Amino acid sequence: MSIPGSWYLVVAALLFGLGAFGVLTRRNVIVMFMSVELMLNAVNLTFVTYARMLNDVGGQVAVFFVLVVAAAEVVVGLGIIVAIFRHRATVTVDDISSLKG
Amino acid sequence: MLVLGLVIGFPLLGFLVLLAFGKRIGDPGAGWVGTIAIALSFVAAVVTWILLLSKHAGQRTQVLRLFQWIHAGGFHVNITFRADPLSVVMMLFVTGVAALIHLYSIGYMKRDARFHQFFVYLNLFVFSMLVLVTANNLPLTFLGWEGVGACSYWLISFWFERPSAASAGKKAFIINRIGDMGFMLGTFLVFENLHSVSYSQVLPAAHRLPAGTAEAIALLFFLAAAGKSAQLPLFTWLLDAMEGPTPVSALIHAATMVTAGVYLMARLSPILALAHAASTTIAIIGVVTAFVAAMAATSQTDIKKIVAFSTVSQLGYMMLGIGTGAYVAAIFLMVTHAFYKALIFLSSGSVIHSLDSEQSIRRMGALAKLMPITAWTMIIAWLSIAGVPPFSGFFSKGSILEDAFGRNELLWVVGVVTALLTAYYMGRLVFVVFYGKPRWQEVTKGHEPHESPRIMTIPLIVLAVAAAVAGLLNLPYSGLRFLHNWLSPVFGSALVSYHLSASEKVLLPATDAVVALLGVVIAWRLWRNHSERKALEPTVLLKGWYLDSFYDRTFARGGTALAKFGDRVVDPTIIDGAVGGVAWLFRWVGGLGRKVQSGLVRSYLLIMVGGIVVMLAYVLVSAAR
Amino acid sequence: MTVLDWLIALPALGALVVPMMSLPPENQRLIRYFGIAIALVELGLAIGMAVAFKLHTSSYQFVTKVHWIGAFGIAWYLGADGISLVLVLLTAVLFAIAMFTMKGVKDYRAYVGWMLLLEAACMGSFTALDLFLFFVFFELTLVPSYFLISDFGLGASGRAAIKFFVYTFAGSALLLVGIVSLVFIHDHQTGHLTFSLPALMHTRLPKGTAILLFLAFAAAFAVKTPIFPFHTWSPDTYRSAPIPAVVILAGVMAKLGAYGLIRFNLELFPATSRELAWLMLTLGVVGILYGAIVAAGERDLGRMVAYSSLSHMGFIVLGIFAFSTEGLSGSTLQMVNHGIYTAAIFLLLGMIYERRGTLDMNKLGGLQKKAPIFAGVFILVVMGMIGLPGLNGFVGEFLILLGTFITHRWWAVVAVLGVVLSAVYLLWMYQRVFHGEAKDDRSFRDLAPREALLLLPLVALIVVLGVYPIPLLSRINPTTSAIVHHVASAPALGNSGAPQAVASIVTGGAK
Amino acid sequence: MFGSLVSQLPIRLPSISYQAIGPELILFGAALVVLALSATVGRREHPQLYRGIGLFAAVAEGAWSANLLRLIDQHGPSLAIAGAISNDGFSAVVGIIVAAALVLTMLIGPGFVESVAGQGPEFVTLLLLSATGAIVMAQANDLIVVFLGLEILSIALYVMVGFRLRDGLSREAAFKYFILGGFSSAVFLYGVALVYGATGSTNLVKIAAFLSSHVLINNGVLLFGIALILVGFGFKVSAVPFHVWSPDVYQGAPTSVTGYMAAMAKIAAFAALLRVMMVAFHLQLEFWRPIVIALAVLSLVFGAVFALRQREIKRMLAYSSINHAGFILLGVLAATSGGVRDSLFYLGAYSVMVIGTFGLISLIQVDAGKVEGSLSLDDVRGLGRRRPAVAVLLAILILAQAGAPFTSGFIAKFSVITAVISVNEYWIAVVAMVTAAVAAAFYLRLVLALFSKDEAEVGVGDALYPVAVRGGSDQGLRLSTASLVPIWIGIWASVAITVFFGLFPTLLLDLVSRGKIFY
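Residue numbers (the numbering used here), protein chains in the order written: chain A, 1 to 101; chain B, 1 to 625; chain C, 1 to 511; chain D, 1 to 519.
Be aware that one or more of the hints could be misleading.
[Unchecked claim] Computed footprint of chain C on chain B, listed as stretches where at least three residues anywhere in the stretch have a Cβ under 8 Å from a Cβ of chain C:
1) 68-82
2) 131-144
3) 170-182
4) 551-565
5) 571-579
[As the list claims (entries may be wrong)] Here are the simulated distance ranges between beta carbons:
6) 198/C / 16/B: 46 to 52 Å
7) 414/C / 528/B: 52 to 58 Å
8) 189/C / 60/A: 39 to 45 Å
9) 60/A / 215/D: 57 to 63 Å
10) 286/D / 94/A: 39 to 45 Å
11) 362/C / 513/B: 58 to 64 Å
12) 360/B / 278/C: 53 to 59 Å
13) 75/D / 60/A: 31 to 37 Å
14) 445/B / 414/C: 56 to 62 Å
15) 446/C / 76/B: 39 to 45 Å
16) 353/C / 208/B: 18 to 24 Å
[As the list claims (entries may be wrong)] Straight-line C-alpha distance at most 16 Å; calculated EDC-like pairs for lysine to aspartate or glutamate:
17) 363/C / 441/C
18) 505/B / 409/B
19) 369/C / 161/B
20) 437/B / 537/B
21) 439/C / 161/B
22) 370/C / 446/C
23) 445/B / 358/B
24) 370/C / 161/B
25) 369/C / 358/B
26) 370/C / 300/C
27) 564/B / 300/C
28) 363/C / 300/C
29) 206/D / 56/A
30) 543/B / 302/B
31) 103/C / 26/C
Don't read these hints as lab results, they were simulated from the structure. Keep in mind the model is a prediction, meaning the values are calculated, not measured. Ideal Cβ placement from N, Cα and C applies to all residues, glycine included.
Build the full structure now, drawing on both the sequences and the hints.
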């Protein structure tokens, strides 16, 4: 008795919502960044589920592209975050708001 | 018809010469150039008259075409002049009187700072007047009409240092422009119905006009005439026009310009003949103006104001003549009036000149012995204007009153009463100014006023003779109806001749004579040795029935208030406000934008998620469809 | 290269060359002479064109048609008929005068450069027969006039310049949408994508669309003319622009609006023009009366002349929408007359400003005593503006009122009131400035020979065109009668006809 | 020889037509060469060398794309690399536009950036890599490849925005751009996944085939997927309401990077948007057109209006670029071949203009000794007196952006308006033109400030300008004359192109009209 594909989709959608909510509410930059990664993994899950439902290998191949891109993002993202917060004690995102108006 | 060109050409030539070299020619010279130009024009007019006289009565209309003026669509206007009996009569007395007044002005305007400029305007005026009377189409008449108006503006405000003179000039021009509105609308109506504006086409074809349109045209042109010839609603400007130099008053506001309205009505007689209702209104307005002006003249203290009101009154008579269809009588009165009214103005001018420009009759008196020629010429003029036989006034005003009687008795009654008033107020003027106790001591600071120089008195004498003799032009019921025979082919069927019974033929002139003498006697009794009678000089009449102040309050002040309102309120607040409002809205929304950019990353994310949620809602809606 | 191409190319090239001429300050005058030379050659060309103009035909003459942007069917398509010929002549005369009046500026390059570019743009606008080309020139007139006002103006010229630019630009934004919509409807119907006016005249438009397009075109031209509600930019701009620029702004560019109404509104939408005639006539009459009344209340001479110009342009709009040959010819002639006497009056105001440093009537007074010749010329120009017969103002005004009276009687009757009002505020102004005793004892130098020479051509034209306007009228009449016939004979528009897609304009876009 | 060796291998490789992906190879190869050289020859010594290679690569890519276009005209478009890349006129034309933008940036960019962040090949490499990403996006015929190109472009841009490490502003801009970019990429990807789920493929042509042959009962998933894809593109193109990042990032980033970003991001994103919408989802036009209309109108209106109150020039230009995005969206919503042609024309004209404008602004900034991101209207006042050449060129470019006649801006706005009117959306055209008029007001204020003579022309309303934003400190910046020459060439080139295509637009119009999408 296999779990119907739509359940996976719902879980993936929840994961995606959670990630988005995480980016909105958390003040710590690292956690925001992890939330974005969470959203990407939710997409991967959706891809895999659809691949299985449509039994088409395209979806799974797409996951690899997404993983590669996520990795590249992590590298660049952390680089920027480290550069910004090297001089500051805390990592809260709200105090970098001098560009406004 | 080259000589007709000369009649008009000489004043134009005079104007151009004086305009270019006036300053260099200097004080008396410029005056003489002007006078000679007008004199030559008078000679040319006489030659034209003789040429026309030689022709058979029917073909006495010569047209001189120069060049095409305006041509657009169906509307063609040429510069063409017309010499026919009516315009020749006008030409003759205009140039004649103008020449005399030019001569007189040389003396009167001596030592004035802008001596030559005076004659520039005078010559331009005579040129415009001649164009007005000899034009062969309505727009060219209008050119003369407005030209005359402009010259009167320049001449009234000649001494522009005086603010009162400047605003008087402006007032004259504006009120004339109101009249000109009527002229333009009338011309449009004529063109719309008869597809031409040239008299040679319009006048013969006038009978084709539908009755209603003829009435409208007549009334519109009467509005123009009322503006120019100072009839009831629009005569206040003539009173203020007295601010100008006296020769100006004499020439423009007595002899020539003010008669332009009467001439126009006479020229358009074929149309007036169709418009019965309009003619009656003209007659009524004419006689009412005559009466009102005469009443006002009785209590004026300024010598020129009296004469001005008298002019308005006499013009009323002429309009009465026009209204009753007695065009020849109206022209006859116009000619005689030109002589004696010019004379009265000039003699008052010489009185003012010798009393160092003092114009109030309260500070004159007992001048007869000191200024005999001025006094006697004034008395002759007074007797003719009063209508005392055998002077010209008796005959010309008599014929007007006869025709008025023929048309409607009431008109005649009012006319006769006004004749009485005329004799009375002129008598008052003569007795107060020339007889009684001298009151000019403090004005002339001791030295006695002396008679004006010969250059001023000669025109007085010539005019006096003309005023006295002019009656012969058109003696009623006698072989000598020269003017009637001369003009009747021009008016043709429009001329209405009233058949009076034998008794009336005798009775009417008699009453005129009696009334005139009565006025003289009353004036003599009351004003022989009184200079002031409060009872007889009520302020309501002095202020000209308060008509002028009424106009001033409603139009002048009302207009300024409206203008200020428009300028200060409507434009800046309403229109700019609206535009400013839109600009402010943009800037306010712009400002809003700056608040949205708070700089906080998470607020940006919130806005983006908001966008996605709206998108989600839209998807659900459209998916459901 | 016909004469029209040279008319546009010559000043345009001049405008390109001038900035290159970086001369030392002392012979800056050379640049000014260069500008004057080009303007005079331009005048010669215009006069030559007028002489060579064939009289008894209403078709376009000196036509050039060269492909420019094939993709959109846009061509460099120029042609001149009676109306554009007369306005080209006016432009050439006024630019020559304006060039002479330029002085008192350190660096002439920018000044002369912008003026020449403006001349090229005006010439182009009057002769363009390709709607896109007309729009480009119409827009192009904005850029130089903006810089002329903001850089060389006096007083708060920056703000006035922006107000002028945005007002006109917003107006022409609608014009662009109107042009493109018309072209596309034409393309829908005939499958032939073109911007040429003669081709577009035969587009069959449904009633609703035609009205909207008419209003889009009319709005842009109304701002330029200016017509009543869109005029608030003109007093500020005329007041703060330098004299040479305002001579062009009031004299030539005001005519662009009126010319546009004739060339595009009447010719492209004849039936709608008949339907909306009442609206335009009412705006014209309101403009006449409102302009005159506010002018009477105005204290500043520059602003007063702006309002009087609003009133006189009201007459011109009246003549256009009277749909009678007399009215349209009168209106075209009045455009020339208005250009001449407005240029003359602004020159005179410039001279007053030079001597007294102010144009406020309360500070001026009794000038006639000090400068009789100046006063004489001033009153002559004022009489021309009032419409004294014998001077140029009268002929045009009389024809307009006559033409309007024949077709739309009661508008003419009200408009005649404007004749009186113009006398009121102009003579009142003359009295406040020239009559009475001088309030200011400083000397008021009379006309210098240089200034007299400058005014001479304009004053001569005022008198000559008043007495002998036939040369212009004989060239205008064939064209105006053709246009009036075109408008009168156009079939009325029903609401059906063009494909449903076009009707969507009424339902408002997105389905 | 290599070919035969490979063919014998057991695994079957897809036939790769290297000709189709030539542009990417050239740019990517050049980037590798630059990196390799910097490793061997040394980072600091030869900045001119790296810039030369970069320039050569850009020109070569342009030539290659032009050649590709000629071939496509002869043999017709085709799909390459198993349907991942579509080798059609559209990709070739976009390749040419990318090349143009890249050439100009190569001339203008490096001079400023190196003088601020030290010599080194990094900037040139990042330029080449981001351009590669852009071309991949433009040619992609598969949603995943579009995502791939998007990420290559974006990540390179994140780093370039944060290039001036010592300046807090730049770092903050980079971070904001990164976080929001990451978020929107995730949203875009989720959309792709949903579309994949609904249609069974990520290949545009296959999606189109599937949708035309099947009728989906509940197309909720598909529509939501399309919507999320539009959000992703909306962010990249900075269309309102997804524009919030652009003002801060435009102000924070080094000026020449801002110029490049404004141009390249829009070229790539619009190219991909056009292809995806026209190829894959042209049947769902009734659904997605209102969304694009909403995006367009909001961007037009708020882009122009928000700019009115801006005092800082780069921020004002950020809002004005949102307005321009609105205009290009007009071409997209027309969804006709004419619409595509007009959008391409606008893209070409706009990118040349914007790179030139920002080049000039960086020149003014250096000249005024101001720190990045705080050049306000008052600093620029009266520039016409001090440096007439710079002022006149900037005025021309600003007037071009405002749409003044005889500049390519005018023809661009005009052609996009014709696209909208051809689909009878008259009211949008009116809104667009009115916002152009509003935009003209603030463009004009800038031009007026350039040439205004009196210093004290500050209205009361403008006193609310926020306190000067203090960033890092690099006063007394000097530009070596050697690096000034290419900058001037670049600026003069962009002005010349803008004016030339204003006078004779037929050339560019023919080019873009050959850019048809193959489906």
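Evaluated hints:
no., hint, result
1, 68-82, "holds (count 8)"
2, 131-144, "holds (count 3)"
3, 170-182, "holds (count 7)"
4, 551-565, "holds (count 6)"
5, 571-579, "holds (count 4)"
6, 198/C / 16/B: 46 to 52 Å, "50 Å, holds"
7, 414/C / 528/B: 52 to 58 Å, "57 Å, holds"
8, 189/C / 60/A: 39 to 45 Å, "56 Å, violated"
9, 60/A / 215/D: 57 to 63 Å, "28 Å, violated"
10, 286/D / 94/A: 39 to 45 Å, "43 Å, holds"
11, 362/C / 513/B: 58 to 64 Å, "60 Å, holds"
12, 360/B / 278/C: 53 to 59 Å, "57 Å, holds"
13, 75/D / 60/A: 31 to 37 Å, "35 Å, holds"
14, 445/B / 414/C: 56 to 62 Å, "57 Å, holds"
15, 446/C / 76/B: 39 to 45 Å, "43 Å, holds"
16, 353/C / 208/B: 18 to 24 Å, "57 Å, violated"
17, 363/C / 441/C, "11 Å, holds"
18, 505/B / 409/B, "15 Å, holds"
19, 369/C / 161/B, "8 Å, holds"
20, 437/B / 537/B, "19 Å, violated"
21, 439/C / 161/B, "12 Å, holds"
22, 370/C / 446/C, "7 Å, holds"
23, 445/B / 358/B, "12 Å, holds"
24, 370/C / 161/B, "11 Å, holds"
25, 369/C / 358/B, "25 Å, violated"
26, 370/C / 300/C, "21 Å, violated"
27, 564/B / 300/C, "13 Å, holds"
28, 363/C / 300/C, "10 Å, holds"
29, 206/D / 56/A, "13 Å, holds"
30, 543/B / 302/B, "12 Å, holds"
31, 103/C / 26/C, "13 Å, holds"
Of the numbered hints given earlier, the model fails hints 8, 9, 16, 20, 25, 26; all others are met.
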